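Chemist: Quick mapping for you: the protein sequence lines, in order, are chains D and X. At position 223 of the first sequence (counting the first as 1) the number is 223 in our numbering, and the numbers step up by one without a gap. Counting the second sequence from 1 gives a position; our numbering is that position plus 596.
Hints are computed from structural coordinates only; laboratory data are not their basis. As the structure is a computational prediction, the values presented were derived from the model and not from experiment. Keep in mind that the hints are not guaranteed to be accurate.
To be verified - Think about it this way: if two alpha-carbon atoms lie no more than 20 Å apart in a straight line, the pair counts; the simulated SDA-like pairs of lysine to any residue are: (1) D:Lys-243 <-> X:Gly-884; (2) D:Lys-285 <-> X:Gly-769; (3) D:Lys-285 <-> X:Leu-704; (4) X:Lys-697 <-> D:His-241; (5) D:Lys-537 <-> D:Gln-522; (6) D:Lys-285 <-> X:Gly-884; (7) D:Lys-285 <-> X:Ala-708; (8) D:Lys-243 <-> X:Ile-786; (9) D:Lys-354 <-> D:Arg-409; (10) X:Lys-655 <-> D:Ser-168; (11) D:Lys-499 <-> X:Pro-641; (12) D:Lys-329 <-> D:Asn-375; (13) D:Lys-352 <-> D:Ala-515; (14) D:Lys-155 <-> D:Pro-90; (15) D:Lys-329 <-> D:Trp-591.
Claimed, not checked - Covered stretches of chain D (chain X as the covering partner; in silico rule of three or more C-beta atoms under 8 Å from a C-beta of chain X): (16) 243 to 249; (17) 453 to 466.
Where is the CB? At the ideal position from N, CA and C, for every residue including glycine.
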Amino acid sequence: MRLTKWLFFVYLAGLGLLVALLGTSLALVPPRDPQTLYTAYGSNVRTLDPAEISDTTSSAIAGNIFECLYNYDYYARPYRLFAELAADLPQISADTLTYTIRLRRGIHFHDPDRAVFPEGRGPELQAHDVIYSLKRIANFHLASPNAAFIAGKIKGIDDWTRYTQQNSPARIDWDRPVEGLTALDDYTLQITLADPYPQLVYVLAHLPTAPVSRAAVEHYAERFREHPIGTGAYTLRYRDHQKQQRIVLTANPDYRGRPDIDGFTAVDAAQRQPHIRRLQIDFFKADLPPWFLFRQGLLDISAIPKDTFSQAVRQGGELTAAMQRQGVKLVKAPDPTTYYIGFNMLDAVLGKNKPLRQAMSMAINRQRFISVYRNGRGELPIGPIPPGFESFDPREVNPYARFDPPAARDLLAQAQQIHGGPLPKLSLLMSGTDTEDRQMGDFLRSQWEAMGLRIEVDYTDWARFLDIVERRRTAQLFFLAWQADYPDEQNFFQLFYGKNIGEGGQNNTAWKNQAFDRLYEQASVLPPGPPRTAVYKQMSRLVMDECPWALLYYPSSYVLHHGWVDNLLLSDYLHGARQHLKLDSSARSAWLSRNR
Amino acid sequence: MWSFILRRILWTVPIVTGVVLITFVLFAYVAPDPARLEAGKHATPQQLQKIRQQMGLDKPRWLNTQAAKAVPGLGPKLAAVTDSQFFDVLLWRLPDSQHYKEPLWSLLLRKAPASLAIAGPVFFVALGIQLVLALVAAYNRGRWPDYSITFMAVLGICVPGLSVIILAQWLVGFELGWFPVAGWGRGAQIVHFAVLPILVETLVSLGGGVRFYRTVMLEEIYTDYVRTARAKGVADRDVLLVHVLRNTMIPVITNTVASLPFLLLGSLLVETMFQIPGLGNLMVEAIGNRDRSIIMGMTYAIAVVYTLMLLVTDICYALVDPRIRLQ
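Work out the full structure: start from the sequences and follow the hints.
Modeler: In structure tokens:
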């Protein structure tokens, strides 16, 4: 009887606890702070050390804390660089190998926890900070995923990497000179390249190259990734970082008020950036909860989950009446991304059979694919380069990127002649195993089977996919996408360059074309401008004709925000975008009291 | 009894080693190179080399015989020969999480309280409700309370947990606004976020338990001693609570103790959908990110805790049933 009684009391206690929780829960509703913007991301932050960042969430958050020598104009499309920490665009020598960069003055690091810099305001940013940060990326022990951006490019940087490899982290002499990195004075930096590399300016606008404070890195060592100390519009106190859960960024009191001015330039108080004092970012793995929270007005900005797309957007891409009534706004922008089916050119069937590749490309009903699997969020492709690049020409015609079954069947007949008989069963590898991957795989199979091909589809996870496509190269056809790192077509064309075939190279299809390689090398030493754009267009046409990719679509981003958020533009490369946002908190309060 | 406990603890060594071995073989021979995945799309050879070093993948898989040859003495030789990928896992020398760049212990300690905050109340409340409903159903076998409870239990088993979660988030969180749809907080705020997942998890876990305990109790109710007790005029309440309940404790303990490790390890689905920063959520993310350290470490931890809990189950048997002797 004692045991039974004990169990009974435990149960009563549990029930009591639950009731108490229920009561407390209803009484504890966290208020909305009028000076905070509430947003959510679908994946967690991995690191806040710029040199280590290679994922979009970490980059989006750290981009508010750190700045680079250059950045992209928030409003300009196509993207235009402006000098952020640099005083102006670099002076480039006649041989295009030496870049001289002057820095803005009066820009200070800020330490919100006051552990490294007791006053909060740290030392002024100087040329040696930039050099230190670049050397850090090339440090063997950091294993930065961004090392390839400068490896082999800056004179002496590979020697530096070897030197760090030969020494333990504690024994590295950070004052050891690197031939291509020189501080001419405290505010002037000179970078000397091994070979012409016009993309260097984009690399210097890429968040991983953001200058960091050597004192802060040495103070925190590996924990610097949790204690970001930068010069940007926002800061992060350690206690405001609930890992894998929430981050609250606070406006940097030492920030100069605009990204394109010196630190001591006066800015009118009404114009000072950031306009919003705090940014609260929650991390949600599932799609639906943040969507519900947005609809409740508890998140200010939201992506649109695929399964609830029709609640928000009508056919034609406009907001539904319900959303419009709630004052929700829709922002759309093309992504600098191309989705494609890669043909393995090392494959005995596909590699030597151009008509087969062209036929398979023409057999895909892309409009239907975009409509069914992307809710219409995409554009029909033309070439490998998506919209937003100088060489993109919407008037260009690529017959092999059009859905044309009769023409595809004619090409298939040619392909069979080249092959010398019926074509064997081909296999397509998808980079995921979920329902959507399977549906897309089935769709593509049905398109090719309709013209008489036999296709099998394999599904695998991302890690194995990379292994098969990049290292083993045993996949015949593979579903993949490329998102540009910077707004230069070279970032796409490197995927077709013959010297990038091989393990670790970017050329996954192993397509090799001498004419293309010559043009690639020619373009690689040309500065941005019409001559280079003309070369890029020729390269694009070669890729379109040879069909190492069956182009699928150019995706577009759709983001919703409530009416109380203003000045939201979607941007793919630039960092620190949140400082441009404006928040009408009284409108939010009114909306919340009306709708609760 | 003490020798029994010691023997059972020693038995955990081959069991855990077997679990670690299987997991390790899967990672070592079936899974693709984790360093390549970690290195990203712009990997340099140096970066790959360093990442392999950081992950301990530059060591031999099983035995480091070369290193052992280079050192004199048995002790140093043993240390050198076990400086391998497999022994790194077996001896819990796991590297930091590749994805979060954080030591495994730090992650486990930080995440476990959130899992416990949900799974603890669920465990106690669900167990009580399951036992009470099972008793009522068994006692009223073939009558409407039995049919209703069985119907609800089967319904609970059949409806996928994910559907219940989404329905609760939509109805109670979004439409009615009684609880937050998802999220987590600090300090007292946790209560605000914890209630809905606790309620949902309790509801989801009821069906299976009620069905199981009802079956167990039915077997007891129709035994001779219960019939005798009733014939002697013992009150129904006493028959159920004293005789039947106590004698069904063995399967109850087996089922209950077996579920104890999951108090800490959390619920994968509930934690993911409610964005609870617990171990279940961590495991889901680790699988998605192919985070070798976390998957290995969690598997190891589950194996150890589970085998220890089985030992606790055996000890509880002896406490509950005097006929059982631990030998």
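Chemist: Now tell me if each hint is right for this structure.
Modeler: Now the hints, each set against the structure:
1. Restraint check: the Cα-Cα separation between Lys-243 (chain D) and Gly-884 (chain X) comes to about 18 Å, which is no more than 20 Å; the hinted pair holds.
2. For the hint linking Lys-285 (chain D) to Gly-769 (chain X), the alpha-carbon distance of about 18 Å falls within 20 Å, and the restraint holds.
3. This hinted pair checks out: Lys-285 (chain D) and Leu-704 (chain X) have alpha carbons roughly 19 Å apart, not beyond 20 Å.
4. Of the supplied pair hints, the one linking Lys-697 (chain X) and His-241 (chain D) holds, its CA atoms being roughly 15 Å apart against a limit of 20 Å.
5. A C-alpha spacing of about 13 Å is found between Lys-537 (chain D) and Gln-522 (chain D), which places the hinted pair at or below 20 Å, so the restraint holds.
6. The hinted pair formed by Lys-285 (chain D) and Gly-884 (chain X) meets the criterion: a straight-line CA distance of about 11 Å does not exceed 20 Å.
7. Pair hint Lys-285 (chain D) plus Ala-708 (chain X) holds up; C-alpha atoms about 19 Å apart against a cutoff of 20 Å.
8. Of the pairs offered as hints, the one joining Lys-243 (chain D) and Ile-786 (chain X) holds, with about 15 Å between alpha carbons and a cut-off of 20 Å not exceeded.
9. Annotation: proposed proximity of Lys-354 (chain D) to Arg-409 (chain D) holds, straight-line Cα distance about 14 Å (limit 20 Å).
10. Between the alpha carbons of Lys-655 (chain X) and Ser-168 (chain D) the distance comes to roughly 19 Å, so the proposed pair stays at or under 20 Å and holds.
11. Taken as a hint, the Lys-499 (chain D) and Pro-641 (chain X) pair is honoured in the structure, with Cα atoms around 16 Å apart against an allowance of 20 Å.
12. For a cut-off of 20 Å, the pair hint linking Lys-329 (chain D) to Asn-375 (chain D) stands: about 18 Å separates their Cα positions.
13. Restraint check: the Cα-Cα separation between Lys-352 (chain D) and Ala-515 (chain D) comes to about 17 Å, which is no more than 20 Å; the hinted pair holds.
14. Annotation: proposed proximity of Lys-155 (chain D) to Pro-90 (chain D) holds, straight-line Cα distance about 17 Å (limit 20 Å).
15. A C-alpha spacing of about 14 Å is found between Lys-329 (chain D) and Trp-591 (chain D), which places the hinted pair at or below 20 Å, so the restraint holds.
16. For the region 243 to 249 of chain D, the stated coverage by chain X holds: 4 residues have a C-beta nearer than 8 Å to a C-beta of that chain, and at least 3 were required.
17. Beta-carbon proximity to chain X at under 8 Å applies to 5 residues in the region 453 to 466 of chain D; the threshold of 3 is reached and the given coverage holds.
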